[in-house]
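These protein sequences, in sequence, are chains H and R. Just so we're aligned, residue 1 is where the first sequence starts under our numbering, counting upward by one. Just so we're aligned, residue 339 is where the second sequence starts under our numbering, counting upward by one.
No lab work stands behind these hints, which were simulated from the structure alone. Do not rely on the hints blindly, as some may be mistaken.
As the list claims (entries may be wrong) - So the derived list for chain H, only partly shown, Cβ under 7 Å to chain R, looks like this:
1) Ile4
2) Glu16
3) Glu20
4) Ile21
5) Asp116
Fair warning: this is a prediction, and the values are worked out from it, not measured in the lab. Note that the Cβ used here is the ideal one computed from N, Cα and C, for glycine as well.
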Amino acid sequence: MINIVYKLISPKFFEEAIDEIELDEVVVRPTYLSICKADQRYYQGSRPAEILEEKLPMALIHEGIGEVVFDKTGEFKSNDKVVMIPNTPQGDDVCQANYSYNSKFRGSGFDGFTSDLISLKSDRIVKIPDDFNPYVSSFIELISVAYQGIDRFQQLTITPKDVLGVWGDGNLGFITALLLKDKFPESKIIVFGKHVDNLNLFSFVDEVYQIHNIDDDLTVDHAFECVGSVSSQSAIDQIINLINPQGIINLFGVSEYPVPINTRLILEKGLTIQGNSRSDRKDFIGTVEMLKQNPKLFEYLEKLVTNVCEINSLDDLKQAFDKEYISNFGKTILKWNK
Amino acid sequence: MIFAAILAGGMGSRMGGTDTPKQFLTLGNKPVIIHTIEKFVINENIDKTIVLIPKNFINHTKDLINQYIPNNEDIILVEGGKTRNDTLMNSINYIEKNFGIDNDSIILTHDSVRPFVTHRIIKDNIDAAKKYGACDTVIPATDTIVESINGETIESIPVRDYYYQGQTPQSFNIRKLFNLITSLTEAETNILTDACKIFTLKDEHVHLVEGEVTNIKITYPYDLKLANTILDDNHD
C-alpha cells in the first residue's frame, strides 16, 4: 500500500516522500513521538559528513507510540494502543538483538516513525493500557534502555549493592536513578551532576552531589554513567576513583570521541565495564509491566515532559526540533497529527 | 455506519493517448485504483467501501480486486452514473436499499485517482463529517488565482489567502446529503460540478479538512509519470 513518509533530506530540511508498505503483518498509525539526541544530531548535521551522506534521506524518530490500524496476524485489534520497538532483528544471532550486527534500527539504519503509517512485524509492538499517560509512553523506548542496562547489571553483579551512583543529571540519568530506586529500594541512590536546577528535580534519590563538590570519603559500590559526549572522560575518571573494588561501571553515554581511561585503577580494583545501548522486545515488555505495577512512576516521569508540540506540518516538525535543541533538560514530545 | 465511495465513474477523457481509464493504469506494481481502495479497506472504522465503476469495467475491476485484495467482503462494486452527481446518487441509493440510512450514517467520497490520500486525512474526514455534517479536503492555494470570464482578459485577482484547492475525500452525513440532492432544482443540478457545492448552494456549512500536497489527482499522463518516478526513487 502507498504510504507517505516525512524524511530528513539534509540537515534542517524535511520533505514528503512516497513509499510502499506491505500489508503482511501490522500497520500502525503513530500518535505520540519523542525526539532523542540521536535524532537531533542528524537534524543539526552534527554527525560526520560521510554518515549523513550514507543515511539521508531518512525519516527520524525511534521513540513513539501509536494505534493499530490493521493486523493481518489477528493478534491485535484495530485502535489498540501500542509502543513500537525500533530495533528490528534480521534473523537469529548468538547475542541480544540490540547488539547484533544483523539488526536494523529505525531512525538510524532505516526510516523512523515520522510517517502517515508504519508497517511492523507483530513482535515489534507491545500493547499498552489505554490509561497510560501518552506523553510519558512516547519515550518508553528510552526507559527500556535504562531497564535493559539495569537488568544486565543485575545478572553480572557479585558485590553488595548498598550504594549505587548515577552520573549525569539529564533525561537518562533521571530515568536510570528512578528505576534503580524502584528496583532496589534498600540501596542508597546517589546522583552526581553538574546542573543544580536539574539535580533539584531528583527528589526521589537519597543524595545528590555536584561533581566538583564531593565528600572526601564518598564511595559507591556500582556506577551508572549517563553523561556521554565531551564529558564522558571526566565522568568515567571520577567513577573509577570513587567505585569500590569489583564494582561494575555501566556505560550509557554516547560519545563521538575516543575516551582515555585509567586502566591502572581498573586493574587494581578488578572493575567490570559494561556497555549499554538500545533495548529489545523483552525490555519493552518489562518496562510496560513495571509501569503497570507502579503507576506512581508516571508522576515522576512526567517531570521530563518539557515541550509538547502539535505537528500538523513539516514546519511544525522543524520548530519542534529547534525547540528541543535549546532545552537543556526534559523530552520534547510530538503530538503527531501529520 | 461509515461508508467510503470510491468514484471511478469517469472515463479519463483528459488522460489522452490511451484507451484505458486512468484509474486502471499502473502505479508502481499495481493499478492506481487498487492503491486507492487499499487506503479505505485497511481502515476498520469504515464499514463498507463502495467502488463506483463504468458498466463495461465492472468485471475487470472485480478481477483486479480478487487478485490484489482477495476475500474482502467489505468491498462492493456498483455501476457509476453519467455525471459525478449521478454516480454519487447511485452509491446513496445502494446504501439505502441494502443497509438503510440512519441519522448518523456518513459517507466519504473519494476520487479513485487520488491514491496518495493519507490515513490522517481519512480520519480527519470521519471526525469532521460526524461533527459538522459535511467537510471538504483542501490545501491553501499556492498559485495566484486569476478570474477571467471571457478567457481573454482578467476580470479580477482575488486575495489568495482566501482561496484553497479542493481535493478529496469530501464527506457527508448521508441523510443530509440525500435531502439536499433531492431538493435541487434542475437549474441548480446543471451547475453542480462538486458535491460540496450542493451544501453551499443551500447555505449549509461545510467544514475544511487539511489535505496534503502529496494527495494529487492523476489526471494527465505527466501526473502518472511523476507519481511513478517518486515511487521508484524511494525503492532505490
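We went through each hint and held it up to the structure:
Interface restraint check for Ile4/H: the shortest CB-CB distance to chain R comes to about 5 Å, inside 7 Å, so the restraint holds. Checking Glu16/H against chain R by beta carbon gives a least distance of about 5 Å; that is within 7 Å, so the hint holds. Taking 7 Å as the C-beta contact cut-off toward chain R, the hint placing Glu20/H at the interface holds, the least distance being around 6 Å. Residue-level restraint check for Ile21/H is violated (minimum Cβ-Cβ distance to chain R is 10 Å; threshold 7 Å).
At its closest, the beta carbon of Asp116/H sits 4 Å from a beta carbon of chain R; the interface hint therefore holds under the 7 Å criterion.
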